[in-house]
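Asker: For the protein sequence lines, the chains are A and B, in the order given. Counting along the first sequence from 1, when you hit position 108 you're at 108 in our numbering, and nothing is skipped either side. Counting along the second sequence from 1, when you hit position 86 you're at 200 in our numbering, and nothing is skipped either side.
Quick caveat, the hints were computed from the structure, so don't treat them as lab data. Hints are not guaranteed to be accurate.
Cβ pair distances, simulated, as ranges [said to hold, decoys possible]:
no. : chain 1 : residue 1 : chain 2 : residue 2 : range
1   : B       : K116      : A       : P69       : 33 to 41 Å
2   : B       : K116      : A       : N63       : 24 to 32 Å
3   : A       : S77       : B       : K193      : 36 to 44 Å
4   : A       : N30       : B       : T132      : 22 to 30 Å
All residues carry an ideal CB built from backbone N, CA and C; glycine is no exception.
Spelled out, the chains give:
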Amino acid sequence: SQTIHQWPATLVQPVGSPLSLECTVEGTSNPNLYWYRQAAGRGLQLLFYSVGIGQISSEVPQNLSASRPQDRQFILSSKKLLLSDSGFYLCAWSLRGGVRQPQHFGDGTRLSIL
Amino acid sequence: RKEVEQDPGPFNVPEGATVAFNCTYSNSASQSFFWYRQDCRKEPKLLMSVYSSGNEDGRFTAQLNRASQYISLLIRDSKLSDSATYLCVVSRGTGGFKTIFGAGTRLFVKA
Numbered sequence: 001s002q003t004i005h006q007w008p009a010t011l012v013q014p015v016g017s018p019l020s021l022e023c024t025v026e027g028t029s030n031p032n033l034y035w036y037r038q039a040a041g042r043g044l045q046l047l048f049y050s051v052g053i054g055q056i057s058s059e060v061p062q063n064l065s066a067s068r069p070q071d072r073q074f075i076l077s078s079k080k081l082l083l084s085d086s087g088f089y090l091c092a093w094s095l096r097g098g099v100r101q102p103q104h105f106g107d108g109t110r111l112s113i114l
Numbered sequence: 115r116k117e118v119e120q121d122p123g124p125f126n127v128p129e130g131a132t133v134a135f136n137c138t139y140s141n142s143a144s145q146s147f148f149w150y151r152q153d154c155r156k157e158p159k160l161l162m163s164v165y166s167s168g169n170e171d172g173r174f175t176a177q178l179n180r181a182s183q184y185i186s187l188l189i190r191d192s193k194l195s196d197s198a199t200y201l202c203v204v205s206r207g208t209g210g211f212k213t214i215f216g217a218g219t220r221l222f223v224k225a
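Looking at chain B on its own, in the form it has when it is part of the complex (with noise of 0.2 Å):
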């Protein structure tokens, strides 16, 4: 079992749609939570860090379930231009050099 599981996709939602992708870790000892934006053939971008209250940046918000082991990212109002793979990372140790990359969500946002 991979230590940071996502649904692989692709979803394929139309402009203006809500979608939620989820993420599971197995490692208990996780401390950290981001999610990475990564478009076709670039480097990943971080979108945001994941908080235990949950936090929200203008269309996006992210939570995290820390009993469940589950983090999730929401995106409202979905734009063309947020068609992208989403990573969901997991940190852990000191230094974060226990980082573990989820494999990735592909998006296609449709007009």
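If we strip away everything but chain A, and leave its shape as in the complex, we get (with noise of 0.2 Å):
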């Protein structure tokens, strides 16, 4: 069966800190990957997805960057934190086949900026 790994589970930062957040899947190949972020009490926000190596999309502009250096890591990082960036991120894959296939999420790290 498929698994995905988010580490860590929490992470405390100062503003203007680097961050780099990772995510792995196993039991599955070429997954679709995406990062995700909640603010508290509100909805999830897509930041980026990916369908394959080296391919990312980014949904929404702003100081986080992803990458996906190996077919089931995905990876997602900032040179500057902003004390905006506090959240809960979560990363999630689907199989490949279109829309019909439901996303499944990792534990999810909580970042708080200081």
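Bring the two chains, given one by one in their own frames, into a single complex with the hints.
Answerer: Okay, here's the thing in structure tokens:
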């Protein structure tokens, strides 16, 4: 069966510091991969998605970036964090095969910016 | 107007009650529909896909009305463990990239 691992679970960072969140998927090949952010009490906002190695699409312009160096690895990064980057970051995967495939989420990373 | 709209609630119901959640979507090109459940400070988890003919999974029944662009989730015989936020999700396009999550409806089931 497929599993998704996301780490760290919790992160406290000062304003202006860099960020790297990592996500890996096991048990499947060529998954679609996604990064979402959920602000406190709000809905999920899609940040990036990827259909393959090195292929990244951004939904919302911001100071974050994403990379997919390997088929089942997705990384979210920032060079300088802002206070507004605080939130719950979720990685998700789905099978190829069109819109009928639901997304499955990792446990999430709770990021607090001080 | 949001592309996917849900009543934020909260819904407060006693154990054993039947509760219904509604969701409307604005883009007629939407192709796939899902209900997710999210517990407090946890990740969303897929509850069920929603098919045109309607579908049932135990105490949960999902309905889709494409003409009215409306999705519903019915929970029968509510349990304390059903307390959570229920997210309506709509997808369109290739690969599910245009996936819109509703803001969710909170449910509290009380003894």
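Asker: If you test the structure against every hint from before, which numbers come out violated?
Answerer: 4
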